[in-house]
Each structure stands twice: as structure tokens, then as C-alpha cells.
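Number of protein chains: 2
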Amino acid sequence: MPYYIGDVIRDDKRLIARTPEKFRETGIEVRLNTRVDEIDADEKVLRLSDGTLLSYDVLVLGTGTTPFVPPIPGVDLEGVFTLKKLTDALRIKSHLKDGNCRKALIVGAGFIGMEMVEALRLLGIETQIVHRGTTPVNRWDPELSGLILEALKRNGVPFLTKTEIHSIEPGKDHLLRLNTNRGELEADMILLALGVRPDVRLAGELGLKIGRTGAVQVNFSQQTSRGGIYAVGDCCEVFHRVSKRWVHIPLGDIANKQGRVAGRNIAGRPLSFPGVVGAQSFGIFDLELAATGINEKEALESGYHPVSSVTWGNALAGPMPDQKKVGLKLIADRSTGRLLGAQAVGEKGVVSRINALSVALWSGLGIDEIGYLDLAYAPPFGGSWDVIHNAAQALARKL
Amino acid sequence: MPYYIGDVIRDDKRLIARTPEKFRETGIEVRLNTRVDEIDADEKVLRLSDGTLLSYDVLVLGTGTTPFVPPIPGVDLEGVFTLKKLTDALRIKSHLKDGNCRKALIVGAGFIGMEMVEALRLLGIETQIVHRGTTPVNRWDPELSGLILEALKRNGVPFLTKTEIHSIEPGKDHLLRLNTNRGELEADMILLALGVRPDVRLAGELGLKIGRTGAVQVNFSQQTSRGGIYAVGDCCEVFHRVSKRWVHIPLGDIANKQGRVAGRNIAGRPLSFPGVVGAQSFGIFDLELAATGINEKEALESGYHPVSSVTWGNALAGPMPDQKKVGLKLIADRSTGRLLGAQAVGEKGVVSRINALSVALWSGLGIDEIGYLDLAYAPPFGGSWDVIHNAAQALARKL
Chain V
6 MPYYIGDVIR DDKRLIARTP EKFRETGIEV RLNTRVDEID ADEKVLRLSD
56 GTLLSYDVLV LGTGTTPFVP PIPGVDLEGV FTLKKLTDAL RIKSHLKDGN
106 CRKALIVGAG FIGMEMVEAL RLLGIETQIV HRGTTPVNRW DPELSGLILE
156 ALKRNGVPFL TKTEIHSIEP GKDHLLRLNT NRGELEADMI LLALGVRPDV
206 RLAGELGLKI GRTGAVQVNF SQQTSRGGIY AVGDCCEVFH RVSKRWVHIP
256 LGDIANKQGR VAGRNIAGRP LSFPGVVGAQ SFGIFDLELA ATGINEKEAL
306 ESGYHPVSSV TWGNALAGPM PDQKKVGLKL IADRSTGRLL GAQAVGEKGV
356 VSRINALSVA LWSGLGIDEI GYLDLAYAPP FGGSWDVIHN AAQALARKL
Chain Y
6 MPYYIGDVIR DDKRLIARTP EKFRETGIEV RLNTRVDEID ADEKVLRLSD
56 GTLLSYDVLV LGTGTTPFVP PIPGVDLEGV FTLKKLTDAL RIKSHLKDGN
106 CRKALIVGAG FIGMEMVEAL RLLGIETQIV HRGTTPVNRW DPELSGLILE
156 ALKRNGVPFL TKTEIHSIEP GKDHLLRLNT NRGELEADMI LLALGVRPDV
206 RLAGELGLKI GRTGAVQVNF SQQTSRGGIY AVGDCCEVFH RVSKRWVHIP
256 LGDIANKQGR VAGRNIAGRP LSFPGVVGAQ SFGIFDLELA ATGINEKEAL
306 ESGYHPVSSV TWGNALAGPM PDQKKVGLKL IADRSTGRLL GAQAVGEKGV
356 VSRINALSVA LWSGLGIDEI GYLDLAYAPP FGGSWDVIHN AAQALARKL
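Respectively, the protein sequence lines represent chains V and Y. If you read the first sequence in our numbering, its first letter stands for residue 6, the second for the next number, and so on. If you read the second sequence in our numbering, its first letter stands for residue 6, the second for the next number, and so on.
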């Protein structure tokens, strides 16, 4: 009988509603709130923290990631959160429910932090971002992420840059006080949104090979370095089709694909995971952000000769009312003319364009071809020369 | 000095505002409302209808299309329109302006007719569609175009099927009466939206080769069968990368690309037109429709072995509020597993998905790969398994 061991059955309300009993009917034994203390891979036996021993033929590790918590005093205080699992979300919701949370601090400016800014502002909570760097979401270059800063400003969210956090302690006017190199900040809630690290405790104990990214090494069948043990999802690496490197990109869609690939291989219907191109998106207020491929720094590290350009256009054709600005940065390789990456930001049609460019990256298309791609033109959805065409042609002239 | 001869300078208000004098400053001689009566391609001389002779080194034909007008009595009556050029639109607007147009009939159910339905309904004009067939917009198969019928119903637009038109005459209660095999219909305006035919009068007189589509044959440099004469836009054919045939697809984005290709070649900076995949879209009321590639009938004609499936999904991830339905039909070739075409309809994210699939078609991707494409996942823009993935995997199981 297949076993599933974890604290929740996927972060999805519909699945959580399926109790372990429901799963047992379909032939799956589910054990929630269960910790695996030790794995004997020679004997193929797991020891749970309650002492139970479970034997297996095939083991799949889906241990995910753990949020990074900075080594400063006070991170355990009530009102200090990380956000990774559904249980984290439920804890945050319950903290907000009593109505005493009037002000929130978000430490970190990654996309989880950005999504939470919007959620908190929509609840009417005064929200402020505290960031070590100067611009939000590193994945997007400052030429584009500038639009996020404007959106934060429009929505009354201060963005504190170059701020190192030192400690958290009980506050005076609010529940908590955050001490930083730029002074004290008080709030009723502090969200530490400083990224995640692959959880490789069990993998390490099993002696599985860990990649340079810190995540579990797998092959195209999701097999780890040890026979009979697979790894899937945020705890393992994934092959990047553009950089040709194994990378760590903890995203839900990749995890889903890896799970299906492992399942197919375990079930004897072989399937290779074709890898990723690094497509990613999120929304904040009225902005869409999306990116794919690699940026100029990663391109240099991978041995390419990147050239880039930023093109501003519209998500709708010129004569349409209610124009929506779209910024598109393209990065190509000077020696081959191939697209290496794209970043976009705007009020509409951003994910749409990045998805088309993701397929172009997947297929290894060159900038010249991208300048003449056949896209589904109609004025409500773009110009007869789409911003994709204009951006590719502008970049082709620089090659 | 380059010459431009036509009735308007592109159907674009900003360009129309540029007078012939403005163009002359940039070195282009523009002659509006000018007809070319005859071309002597041996002597390289044009004769205009006022008798003027113009000589040329290179001639570009961009004669476009003419709307099909059925050979029935009454098509010349006041209030009967076709819609192809800006001047047609201006005539229709002026007819609507006097406020006496309370009811309109649209003959034909192509995408121009559909776009006009929405425009007229938004003006509060009672509008009815009269169609020879049973479903609108042939490009989309009935499984998907059914959503258009629902949208028409919701917006109070009757859709008369299997209706042949016999004649138009002055009406009693309204300006016009349309006589059909299903009775008389009265209206203050009749739009004949029955498609277009390539205008090859001059091309025919020049002895240029005309393709089986009825449009001017060109090569990948937009050269016609006669040296020194190029053709671009709706009057000529274009290479379809999926069917590998030369086809006639009169769309503005294709025309723009062909114009640029011809210009580059004439100017001595060679460029080949890479062809199209048949991407197309339009919007009607709250629906988006888009399609790309070829349908099952065209696939059979091109020697493929089509298999298809229709998948319904959402434009947003499952847990998001305000779900938006998307229907996606995929067609693949059984012998190679390659994608041949896609059709989509829905309330959001339709063009986005068809554009991604257009790039997949452009690159010749197989259905298996499309099932695992890396797309920019975030809940506001799609599920972790997008409808593209689900549709491709469903179709792969049928191959």
C-alpha cells in the first residue's frame, strides 16, 4: 500500500477535506502530523518518531523547503511569522482575525512578500516593507521593477531600503518592535519573507548527493543518487534548458510535474522530465510581473554573451481606448542570436507575452525569428506589431 | 522618389492626419483617390486614370481585398454596407449618427460580423444576424463556438441560421427590407459581412501568377512571378508553416510583416518571410476567441492524420474567486505526435494560451512536450497544471 507522510495533504482546501480515511478507501495510507526520524535505506525501512517501522520498495522524498529565519533574537515571539505552508497561512489568518493587527511589517521583497503586501493592504492593514537591498524582486531588473515601487507608493506602502534587521522585541504602541540599522519600527505582525532553503535533512542522512544549489540531485527520471529513492518538488534540483545547469527553483508547477514524472517511472510507464526555462509570475495590486529564462548575470555565468534591450509598448493596439503599458526586457546571446531570457511588467498581457516567449526559449528560437512570430492579433489583445515583435527587432539591431 | 497611391493612407487616424504634403517632406510622394488604369511592366510605367504617366524601378502591389457582395438586387440601396476600409467605417458612422437607425441586420457570421454585432449593441441598436450556415465563425468548431451563441443570446442578438438572402428593397417600418428563404426582415441598416476576395485586377492584367487561393503568388522575399514587382498584404498569398501550403489569410499583422520584408529586400537588406501558423483572434462581448494552426479538415487535406480533443479548464487557478472558463481544442498528428492546431474560447486568457501554442506550432513541438511546457504559473493567471498541459496530456493519451 502506498504511504503518504506529512503534516497536511497538500496546501489545498479540497484535498485537506479528504480525510486519511477517504484516502484509505482509494488504497493510500495517509499519516498526518508524522515525523520520519530515520531511514535505513539498506533494509528499506522507515522509523517514525512514535517508534513505528514501515518498510518500502520505493521511497519518494518530497520534503520541500523551510523558510529562512534570520539568526536574530525575537523571531519566536507571538506575531512573528514565516509563510510557506497552509498551516502558516492559517496561523496568520487567526492572528489577523482578532482585529488588533493594525500594522504589519514585511521583511524581504521577494514575490511572497509582495503578494502578502497586497493581501494585507486589501484588509486595510497599514503595511511597510523592510528590505536589505534597494529594489524589490531580484528576478526583475531595476528598469522594470521600478513600476512596483510606483505601485507600492500609490497604495501607501513604504519601502525601506538598505535596512538590516537586528532583533525583534515586544513593542510599546504595537505588539512588536523591529530593531534595524535604520532605527526602530513597531508593528502588530512581522512577516519574515526571506526566501526558502531545500529541506535535505533526511536526504543528507541517507547520504544522497546534494547539488551545488543545496537541493537533492536527481536525474531526468527524478531518481536520486541512491537506487529506489526518488525526490520531487522543492527539495530537489531541476534541469534548466537555457543555462543547461541543474538549478533550484521551488515553484508549485515544477513540483507538480516532477511528481507526475516520478509516479510514471515508479509505475513502469517511463517518462523523462524535459526541464524548465525558468518561467515565473506574480501579481501585485494592478500590476502583472512575469519572467522567463535567465538574466544577464546568469547568462555570463553560463558562458553566453548577453545583449539586452528594454522596450515599452501596449497590451492593446494603439487605437484602443484604455491603453495598458507593458515593459519587456529581452536578453539574447550575441554569438548565436538566440533568446536567453525575458522579463516583463505591466497592467495587462504580461504573463501572456512571457508564456509565448517561454515556448520560444523552450524551442531555442533566435531573436530574428521572434521578431516575426505569428501571434493572434486583434486590437483588444495587442498591436499588429506586438511588443514581442518590437522588442525582438530592437534587440536584433543590437546584435 | 517613392510613390504611394491609394484612397487613404492606411486605416489609421494618426497616419491619415499626415497629409500628402507631410509625406513629401520625408521624401515620399503620396497620391490619394488615384486609380492606376494600366501598368506597362516592360517599360516600367504606370498610367493613372487622369492620364499621368509614372515610371518606376520597383513596383509594390498592395491592392488588398474587396468585400464579397452577393449578386442580389438592392445591394446598392442606401443603408446597405460592407466593412473593409476606413471609408466604409466612416460611412457607417455617418448613417448611425442621424439617430434613425434603430435596427440592424448583419448578413454573415464571420469575425467582422461578430465584432460589428458588439459595436452596434453597445450603441443600443437592435441587431440580428442572418447566416447561411448553422454556427458562427467557421474557424472555430461547433464545440467551442457554442459559447458565442450563448453570448449572443445573453446580449439579445437573434441568430438566424440556414437563411439564404434573395433581395433587398425599401422597407415599410424601417429603411430596408431583406427578403430571405425564411421570410422578410426589416432594418435600418444591413451589413454584408460575407468575407473578402483578393483584389487581383492589376496583377491579372500584368500577367502575374495567381495562386489556387485566388491571391497573387509571391516567394519568401515577397517577389511576384515578374521581376521588379513585389506584392504584400491581403492581395497575396502567405506560406503556412503547418500545412506547408501557400494560403490566403487577409489579416493586418501578416500584411505588416510582408510590407517590412518587401521593404528590406527592395532596400538591399535581404530578409525572408518565415511564414505564418494561422494565429487569429477576436473578442465579442465578454468572450475571447483565438485559434492557430489548422483544423481537422485542413489537416486531412494536407496529408496529416488528425486526432483532437476538447478540454475545459479555468483561466485562473482553482482556489481563486471569480473563475473564468476556458475551452481548448487541440489537434495533433497521430503519426508524428506533433501539434497541428488549437482553438480556444473563454472569458479570459484565451489569446494568451493560443499565442503560447502558436509558438509551439511555429517550432514544431510535439504534444508530449506541450504537456510539460514551462509556463509562468501563478494563481491569478492559471493553475499549476494549465489548461494547455491538461489538454495536451488528454490528447497524448488518444494518440
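Treat the hints as calculated values from the structure; they're not laboratory data. Keep in mind it's a predicted model, so treat the numbers as computed, not measured. Treat each hint with caution, since some may be false.
In this list, chains with the same sequence are indistinguishable; a pair is considered to hold if it fits within one copy or across any two.
Below are the PhoX-like pairs computed for lysine-lysine, each with C-alpha atoms no more than 20 Å apart in a straight line [as the list claims (entries may be wrong)]: (1) K302 / K214; (2) K108 / K302; (3) K249 / K302; (4) K214 / K90; (5) K158 / K102; (6) K108 / K177; (7) K27 / K102; (8) K330 / K353; (9) K102 / K90; (10) K353 / K329; (11) K403 / K214; (12) K98 / K27; (13) K49 / K167; (14) K330 / K302.
When Cα atoms must be at most 20 Å apart, do K49 and K167 count as within-copy, between-copy, both, or neither? This pair counts as neither: shortest intra-copy Cα distance 50 Å, inter-copy 70 Å.
At most 20 Å between CA atoms: does that hold for K330 and K302 within a copy, between copies, both, or neither? Neither way: K330 and K302 sit 26 Å apart in one copy and 39 Å across, limit 20 Å.
At most 20 Å between C-alpha atoms: does K353 with K329 qualify within a copy, between copies, both, or neither? both (6 Å within a copy, 16 Å between copies)
Alpha-carbon proximity context of K330 and K353, limit 20 Å: both (8 Å within a copy, 19 Å between copies)
Between K403 and K214, at a C-alpha cutoff of 20 Å, which is it: within one copy, between copies, both, or neither? This pair counts as neither: shortest intra-copy Cα distance 43 Å, inter-copy 39 Å.
Check K249 against K302 for me: Cα-Cα at most 20 Å, and say if that holds within a copy, between copies, both or neither. within (15 Å within a copy, 40 Å between copies)
From the Cα coordinates, with 20 Å as the cut-off, is the pair K27 and K102 best called within, between, both, or neither? neither (31 Å within a copy, 65 Å between copies)
With 20 Å as the alpha-carbon cut-off, assign the pair K102 and K90 to within, between, both or neither. Cα proximity of K102 and K90: one copy only (19 Å, versus 60 Å across).
Between K214 and K90, at a C-alpha cutoff of 20 Å, which is it: within one copy, between copies, both, or neither? For K214 and K90, neither the intra-copy (26 Å) nor the inter-copy (66 Å) Cα distance is at most 20 Å.
Homomeric proximity label, K98 with K27: Cα distance no greater than 20 Å: Close neither inside one copy (27 Å) nor across copies (63 Å); limit 20 Å.
Identical-chain pair category, K108 with K177, by Cα at 20 Å: within (13 Å within a copy, 70 Å between copies)
If the cut is 20 Å between Cα atoms, do K108 and K302 qualify within a copy, between copies, both or neither? Classified as neither: same-chain Cα gap 37 Å, cross-chain 62 Å, threshold 20 Å.
When held up to the earlier numbered hints, the structure conflicts with 1, 2, 4, 5, 7, 11, 12, 13 and 14 and fits the remainder.
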